[in-house]
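Asker: Chain by chain, the residues run as shown.
There are 2 protein chains.
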Amino acid sequence: MEGQLFSSKPSSSSQSIVGKLQNVTVRYDGQCEEWPHLNMMENYTIVVDPIVGAIIYGRSIWGAIRGLETFSQLITYSNQNEFLINTIKIKDFPRFKHRGLLIDSSRHFLPIKTIFKTLDSMEMNKLNVLHWHIVDDESFPFESETFPELSRKGSYDPQYHVYRDEDVNAILEYARQRAIRVVVEFDSPGHTWSWGLGQPGLLTPCYGPNGQPNGIFGPIDPTKPNNFKFIRNLFTEIASRFKDQYIHLGGDEVSFDCWATNPSIREFMEQHQYGNDYTRLESYYVQKLVNIVKQLNRSYVVWQEVFDHNVTLKSDTVVHVWIGNDTSSTWSTELSKVTEAGYQALLSSPWYLDLISYGPDWRKYYESEPYSFDGTDEQKRLILGGEAAVWAEYINGANMISRTFPRVNAVAERLWSSQRLAKANRAVGRFRTQACRMIKLGIRIQPIDGPGWCECDYALTD
Amino acid sequence: MEGQLFSSKPSSSSQSIVGKLQNVTVRYDGQCEEWPHLNMMENYTIVVDPIVGAIIYGRSIWGAIRGLETFSQLITYSNQNEFLINTIKIKDFPRFKHRGLLIDSSRHFLPIKTIFKTLDSMEMNKLNVLHWHIVDDESFPFESETFPELSRKGSYDPQYHVYRDEDVNAILEYARQRAIRVVVEFDSPGHTWSWGLGQPGLLTPCYGPNGQPNGIFGPIDPTKPNNFKFIRNLFTEIASRFKDQYIHLGGDEVSFDCWATNPSIREFMEQHQYGNDYTRLESYYVQKLVNIVKQLNRSYVVWQEVFDHNVTLKSDTVVHVWIGNDTSSTWSTELSKVTEAGYQALLSSPWYLDLISYGPDWRKYYESEPYSFDGTDEQKRLILGGEAAVWAEYINGANMISRTFPRVNAVAERLWSSQRLAKANRAVGRFRTQACRMIKLGIRIQPIDGPGWCECDYALTD
Chain A
1 MEGQLFSSKP SSSSQSIVGK LQNVTVRYDG QCEEWPHLNM MENYTIVVDP IVGAIIYGRS
61 IWGAIRGLET FSQLITYSNQ NEFLINTIKI KDFPRFKHRG LLIDSSRHFL PIKTIFKTLD
121 SMEMNKLNVL HWHIVDDESF PFESETFPEL SRKGSYDPQY HVYRDEDVNA ILEYARQRAI
181 RVVVEFDSPG HTWSWGLGQP GLLTPCYGPN GQPNGIFGPI DPTKPNNFKF IRNLFTEIAS
241 RFKDQYIHLG GDEVSFDCWA TNPSIREFME QHQYGNDYTR LESYYVQKLV NIVKQLNRSY
301 VVWQEVFDHN VTLKSDTVVH VWIGNDTSST WSTELSKVTE AGYQALLSSP WYLDLISYGP
361 DWRKYYESEP YSFDGTDEQK RLILGGEAAV WAEYINGANM ISRTFPRVNA VAERLWSSQR
421 LAKANRAVGR FRTQACRMIK LGIRIQPIDG PGWCECDYAL TD
Chain B
1 MEGQLFSSKP SSSSQSIVGK LQNVTVRYDG QCEEWPHLNM MENYTIVVDP IVGAIIYGRS
61 IWGAIRGLET FSQLITYSNQ NEFLINTIKI KDFPRFKHRG LLIDSSRHFL PIKTIFKTLD
121 SMEMNKLNVL HWHIVDDESF PFESETFPEL SRKGSYDPQY HVYRDEDVNA ILEYARQRAI
181 RVVVEFDSPG HTWSWGLGQP GLLTPCYGPN GQPNGIFGPI DPTKPNNFKF IRNLFTEIAS
241 RFKDQYIHLG GDEVSFDCWA TNPSIREFME QHQYGNDYTR LESYYVQKLV NIVKQLNRSY
301 VVWQEVFDHN VTLKSDTVVH VWIGNDTSST WSTELSKVTE AGYQALLSSP WYLDLISYGP
361 DWRKYYESEP YSFDGTDEQK RLILGGEAAV WAEYINGANM ISRTFPRVNA VAERLWSSQR
421 LAKANRAVGR FRTQACRMIK LGIRIQPIDG PGWCECDYAL TD
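Chain order of the listed sequences is A and B. With full-length UniProt numbering as the guide, the letters of the first sequence map in order to residues 1 to 462. With full-length UniProt numbering as the guide, the letters of the second sequence map in order to residues 1 to 462.
So here's chain A without its partners, still in its complex pose:
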């Protein structure tokens, strides 16, 4: 069985029982790596045989974990109080190595238990990266040891709506046990309003028509050397507290309006002969940021604007393509450009799950193919995969799981399975089975594709 993310139920009518499964052996190659990483081997083999028993063999510990998940999905419960599994041989591996879900704990605080449940649900669908967009304009729930004022002043509530050291560690550990990387994002220089509350002087004061500061603040002020000291210290802490090789540096949607009103910014622009091109000021900031992170021996992911605005990037940089939700020509052009420049790329544009609409929108997610762009084979190899995004303007702990799943399962299969599996109509049966499996395990998820039922629907209680 190759290329199908979810196993189908074995048909009990066509079954003849040939033996009892006595042994289940789990093996994997190599050392037991401590943390999952971009290049981890997730390949696995499963053999279920009436004589040998079951063998789950991973090309690494991470592959063994993927194999265990599939193995559990092969088992069904019969009406005769027995658990059944078919004789089978499976060789399975992912098409893309980065299969992520972006969560946003700034627009609304996401309870730690909700993040755990998200990781459980991701693991069941072989998603392997939790992209944790942890802070933004609206709130700064990350409790920094170096700069405790950031969350004390910038969180919604520093008592209950923050992620403490032990919370972060628990989330990293919970993810690790499920072979899921946690790539944290501290987005700057825009999207930082909440940072300014606990770090006076960080943000750019905007000026009104009367030539006086109007009390509004814009992006981080890149003209002040002190701000880069702060950035260096903050990212030093981030690099020590998050284990992944990659840190997401953001860099999207920097608004230039405020910068343009500020006299000292304008003076700096003149000194540097930037003219009126504020993308050059943005790049000045991001260049310093990526240099700092490089010195910390970390690699980085950046939103596509950073690439578009010609920042000099490390060769292992990942450019995250997000613009053009419903316009595949927009994102496919961008993928061409990014990979032509030799950078690795991640795709999110077609998978903004927060942009809800009526009906089974997972079908269009499913039929969005990351390789749909003009490029050489070499360029295609630079596509690491993609991420579904659940921005949290309208998401909290009450609807995070039920709204994200099972819709995101479509993205998970697109990124794991063969490109030949292309039609949602042929996937819907598998997806229904998988949705019911999740409900059976107590995960509260919305219906997948119109009227119907799962055997445990009646127990979906609030």
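Think of the hints as simulated: they come from the structure by calculation, not from any bench. The model shown is predicted, which means the values in this text are computed figures rather than measured ones. Backbone N, C-alpha and C fix where the C-beta goes; we use that ideal spot for every residue, glycine too. A few of these clues could be false.
What the hints assert, rightly or not - Distance ranges between label pairs, derived from CB positions:
no. : chain 1 : residue 1 : chain 2 : residue 2 : range
1   : A       : Gln212    : B       : Cys456    : 19 to 27 Å
2   : A       : Ala422    : B       : Ser72     : 51 to 59 Å
3   : B       : Asp326    : A       : Asp49     : 43 to 51 Å
4   : B       : Gly53     : A       : Arg164    : 53 to 61 Å
5   : B       : Lys89     : A       : Gly208    : 41 to 49 Å
6   : A       : Tyr77     : B       : Asn23     : 53 to 61 Å
Starting from the known structure of chain A, fit chain B onto it as the hints suggest.
Answerer: Leaving out everything else, chain B in the frame of chain A:
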């Protein structure tokens, strides 16, 4: 305080404590009525006075229940471990007497606990009618004593996905204690595919181009006298098991395609000189149905097509307007026609909450006004109110509460409060307070209007 459904928090800074509240008295006029009804009096008065204490006075037991809810919302918790309430005098009453929520337990089974939670949430927002669309094409979860085969064969699963006698009674009682009517809907002659599974002969066999039955079934076959015996017996049971004076008889979206293929239907049409006008056959069925229900001493609500197709209706019939979700001219024209003919009307068109879209769609719900149609004062008086509808094609126990609330609160206030409260921008602060109040009481609801937080968001765990 008149016309605001939700109370705002008293500002603790402007407060001076003048005494302790020692007594809370609840009184109401008249006999204690057993079941809530269309004309129940929900008016109440609250006086909170440092000398007299608190008096909650209802014009009936139902008004006292409304007053108790408001009273509970007046109380806030201070930072000094005290509960606070302002000195206040409130005279409050609803603008419309029918303020409903339609739930659909056929497209997906809704767990009984989810229905309880729905009733809790309705009560907090002074909604007073649960319109229970209990069966439809997809499943028949109502366990009938007279026709047990209907749910045995027509439910998704007769063991766990049915509403037994004790379940129905528990739901009626739970609603009664919250001053909420339960108006059940058994929609016919269309929307009855699942009925046919347990009642052979009920539905019309459709014929293929070869002049033979093609195995597909259409609406109830109105040409068979036996079917009206069945209908009489079924509705006799319904009238005995549901307590409200009104039963919703459906009558929407009857498809004529199948009827037109069936030879005995066509023969019947000829005999009755209906020509090719199948609305006359539909009306023939509905006329017999309403006559049966009239003989049971029940009143009825019907979807607008029944009125549009000229069925002779009892004078106390309620016509339920649902067509034209985004086109107010469609529903306002219909409201004019229905009330001009002297019938009472309910509005649902602008309030199909299952038709989700990105962002705070409650704002457009809020700004939809049932009196926005051309008609005399007398016609306006025939508007009983309205209902929000949560059709369950994409709803199950996992997302019923979080998706319905707090969006439906906008409909609740529209139907309760003064018409002068017209702008969503002026309501949003109240709505945020109310949403947080619901979360504090453990009701898992999605965010109301973009980024923000409630003090108990961190406890919204799955």
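Asker: Hint by hint, which ones does this structure get wrong, listed from lowest number up?
Answerer: 1, 3, 4
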